[in-house]
Every structure is written in C-alpha cells, then in structure tokens.
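A.B. asks: Chain by chain, the residues:
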Amino acid sequence: MCLAVPAKVLELRDDNMALVDISGTQREISLMVLDGDAAPGDYVLIHVGYAIEKIDEEEAARTLAMFEEMSLLDEEVPEGEDPLV
Amino acid sequence: MSVLTAFRDSERARSIIERIHRRNTGDISIMEFCGGHTVAIFRSGIRSVMPESVRMLSGPGCPVCVTSNADLDRAVALAKTPGVTITTYGDMLKVPGSRESLMQVRAQGYPVEIVYSTLDALKLAEEQPDREIVFFAIGFETTAPAAAAAVLQARKRGLKNFSICSVMKLTIPGARALLAMGEVKVDGVIGPGHVSSIIGSDAWRFLPEEHGIPVAISGFEPLDLLAATDAIMEMHEQRRPALVNTYSRVVRPEGNRKAWGAVEEVFTLDEAGWRGFGIIPESGLVLREEFADFDADRRFDITVEDSEEHPACRCGEVLRGVITPHECKVFGTACTPESPLGPCMVSSEGSCAAYYHYQRQLA
Ligand code: SF4
Ligand code: SF4
Chain A
1 MCLAVPAKVL
11 ELRDDNMALV
21 DISGTQREIS
31 LMVLDGDAAP
41 GDYVLIHVGY
51 AIEKIDEEEA
61 ARTLAMFEEM
71 SLLDEEVPEG
81 EDPLV
Chain B
1 MSVLTAFRDS
11 ERARSIIERI
21 HRRNTGDISI
31 MEFCGGHTVA
41 IFRSGIRSVM
51 PESVRMLSGP
61 GCPVCVTSNA
71 DLDRAVALAK
81 TPGVTITTYG
91 DMLKVPGSRE
101 SLMQVRAQGY
111 PVEIVYSTLD
121 ALKLAEEQPD
131 REIVFFAIGF
141 ETTAPAAAAA
151 VLQARKRGLK
161 NFSICSVMKL
171 TIPGARALLA
181 MGEVKVDGVI
191 GPGHVSSIIG
201 SDAWRFLPEE
211 HGIPVAISGF
221 EPLDLLAATD
231 AIMEMHEQRR
241 PALVNTYSRV
251 VRPEGNRKAW
261 GAVEEVFTLD
271 EAGWRGFGII
281 PESGLVLREE
291 FADFDADRRF
301 DITVEDSEEH
311 PACRCGEVLR
321 GVITPHECKV
331 FGTACTPESP
341 LGPCMVSSEG
351 SCAAYYHYQR
361 QLA
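Just so you know, the protein sequences line up as chains A and B, in that order. Start counting the first sequence at 1; every next residue gets the next number (the working numbering). Start counting the second sequence at 1; every next residue gets the next number (the working numbering).
These aren't lab readings, by the way, just hints derived from the structure by calculation. Nothing here was measured: the structure is a model prediction, and the numbers come from that model. Warning: the hint list may mix true and false statements.
As the list claims (entries may be wrong) - With a cut-off of at most 25 Å between alpha-carbon atoms, the simulated SDA-like pairs for lysine to any residue come out as follows: (1) B/K123 x A/R62; (2) B/K156 x A/G36; (3) A/K8 x B/R8; (4) B/K156 x A/K8; (5) A/K54 x B/D202; (6) B/K123 x A/E11; (7) B/K123 x B/E210.
As the list claims (entries may be wrong) - Covered stretches of chain A, as calculated for chain B (at least 3 residues, CB under 8 Å): (8) 3-12; (9) 37-43.
Said to hold, decoys possible - Which residues of chain A face chain B? A partial, calculated answer using Cβ under 10 Å: (10) I29; (11) V48; (12) L73.
No residue lacks a Cβ here, since even glycine has one placed at the ideal position from N, Cα and C.
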C-alpha cells in the first residue's frame, strides 16, 4: 500500500502539479506535500499520486560505496575492540 | 538512473551475502514490519540465501491487513447509503468484511469506485456535485499526507460533497503494541522505508533505546534489504543495538516535515481497532473538529453491529508474527488470492499472498 515508485520530473504545472515519467508512462502528480522544490530532471518518489520525497542521487552513490565496506555502523568503535578489524 | 538500478547489482549483492555468512551471530530472528519488504524479500530470493541461523519474520506492516472487519463493515454500510459513492484504493475491494466485501457490494449495483489517488476522488466530487463522494482512507503514515492534502484542497475549492472515512493507522504504536505482547522473539527490525520517509528514521530510535533491539531502515531493492540485514546482524553480534539507515537516499532523520505537517493540521489521534491486536490507544488518525464538514463519520449516521471475523481465518496471528501462513489450515485450499477468507491473502503486500505466490512449494 505505501510502496512508492521513482519518477523523473518532466515539467512543472499550475496548482503545484507536475508531469512526471514513471518507467515510461507519463502522469500528472501533485507536489503539494513535497518538502522543498523539484525541477525538471529531478527524481522524486511518487506515492498515490503525490511526490513524497526527492531521491538524493549523491546520497545513493555514497550508500553504495558504504555497502562495500565491512561495517555499516557509523559510530566509531574504540580501536582494538572491533572484532571485525 | 544508473545509480538507482545499481541497488539490484548481483555482484555487490554477492559480497554482502558472503559477509552475512561470515558473521558469528548465532540464531537470530529479524522481523520486517513492512509487507512491501516481505514481498521484496521473497521476490529477490533473499530468504533462500540466508544462513540457517537467520529467521525472517513478517510483522503487521500492511494497512489493508490490519483493517478490522468492523471498519470494513462501516465502508460497506456507507456504500449502501443513498446518494453516496465510495472511493478507495484498489487493494481494499476484495477484502471480505463480516458479511460482504466492497466488490460484492459493487456487484449489487452500489457505486464503489477505485481510485489511484485522492486527486481522482476530488475530481469525481467536482464532476458529480449531486453525489456525496466519500473516500475510504486506509493507510499508514506514507498514505496519510495524500488524504490530508485532499481535505485541504477540498476546503480551498469549497467542495461540499467530499468527505473522508478514515481508518488510517500509525505504525509506531502498532510496533510498540506488538513488542509489549511479547509473543515473539525479535532480535532485530528492518524498518519500513516509505513510512520512515514521512516520519523520519529517528522515529524508530525507541527500538534500540528502550528495547535494546537493533533497527535498520531499508529500501526495497535487494541491496538495501541485504545491507539492512547485515547491519542488524553486526549490531546483534557486537551487542550494540542502534539505528542504521541504509535508505538515506530517501529517508532523512527528521522525515518529511511538510507532509507530516499537513497530516497534523487535518487529523488528530484517536484509538483504533487493529485486526489481530484489538484496540490500540492513539494509533488511529481521525479528522479534527475544524474539518468536521469533511468527516464522513460525522456526516452520515452509520451504525454497524455484529462485526465478526471469519472463524477459520488466522490473519491475526499471522500479523503478530506468531504463525506463518502455512500454519493456517485453509491456506492455499479454502483460502486463495482468487477467493480469500482473510485480508492477508488479498493485499498485494499481505503475508499469506506473498507466501502463496512465492513459496507454495514449501507448504
Ligand atoms: S503499507 Fe507500507 S509499511 Fe505497510 S506493507 Fe505496504 S509498504 Fe510496507
Ligand atoms: S491463509 Fe487465509 S484464512 Fe489463513 S490466515 Fe491467511 S488470509 Fe487468513
């Protein structure tokens, strides 16, 4: 039910609406509850006709890099105590 | 969208799976609250690549499944009210209430319309000023902003024939209720991705802080789910329960304040009846007094009596993670997606439907 799909913003329209491309299908959606602006070319997550978040592509790249590390925990473990080191 | 499809990369997946197998976790039970995760875990075959020590449990994460028959019966009664057209998301139609489903009601000629969005329901209200358009609003935090936005739009446009019957629920009180019951052993939680995009990852800090349970917020791609599982295992192994967000490309610590602000403007908390859980205080969203004109429950005098569950259906236990769908006697026989006895077989994210589609051979 609350699965959302990524879409590319194609064009901004009146009344806080936007035309987006959802894997090949064009659709008019609302930007009313999106926190911040979206511009053509941005990726947003669409849920039941509303953009709920922007997808941060830089953050995505960072996450991918992080997945390759041994640990995803961000807190530093005191040296010598981390069994993974 | 290369960086996004990269989250399905099998090469990267393999290295995380290897890491998972090298871990020294011992037996561990990891619960995903979100039915979207249940489906994604099945579809990507993650269960089958897990070490035997890892048990994956499905929780109450689907609003269709936790909607009580009493609420469904109310929607059915509204649909039969003269002048009223019920609109709702497609998933709701097939769910059997105590006596009938919305789909059966529609087959009897009552107007029940499937909408993709509350925007469509608003449009219907504008096009048919002589009808009362009621939106039967189910959903969790992800879906609530769309309902709130519709009410705000309706007020702005001066629509007098649009109202909402809200059975929307909040996942955090649901998760708290599940843990308070203490029926299942939960060593780690895969936190819902899209719910968290609205309420923020910080909303889940109570799991490590109050219950000592590690939580990893996850997206819906295989890499997201594998990385979340791995992070939970690492935290468990090191006895360092914390919050990890593997879906930071979408989920921020504070969530979407604007969307949640709209929800808080329109709705307030009330107790709600959950299938399998009973009444959970402050877990339901109802319209505020100021929006009484848009509240179907105030506008139409509906009383429903004698709501009951199907005697054979064990959805309640499935939703609490106490049994797996296979343990229900009617699974795959009297209860199938074509003729479901309970919502867990209807919803596209229901546990029984997921088991039915992906794991029947193991029954
Ligand atoms: S409603 Fe949301 S939280 Fe529930 S199963 Fe679906 S995607 Fe997950
Ligand atoms: S198999 Fe059917 S009857 Fe049994 S718990 Fe699942 S939905 Fe309910």
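A.B. asks: If a hint holds in the structure, say so; if it doesn't, say that too.
C.D. replies: Results for each hint:
no.	hint	in the structure
1	B/K123 x A/R62	41 Å, violated
2	B/K156 x A/G36	22 Å, holds
3	A/K8 x B/R8	19 Å, holds
4	B/K156 x A/K8	28 Å, violated
5	A/K54 x B/D202	19 Å, holds
6	B/K123 x A/E11	21 Å, holds
7	B/K123 x B/E210	45 Å, violated
8	3-12	holds (count 4)
9	37-43	violated (count 1)
10	I29	8 Å, holds
11	V48	5 Å, holds
12	L73	6 Å, holds
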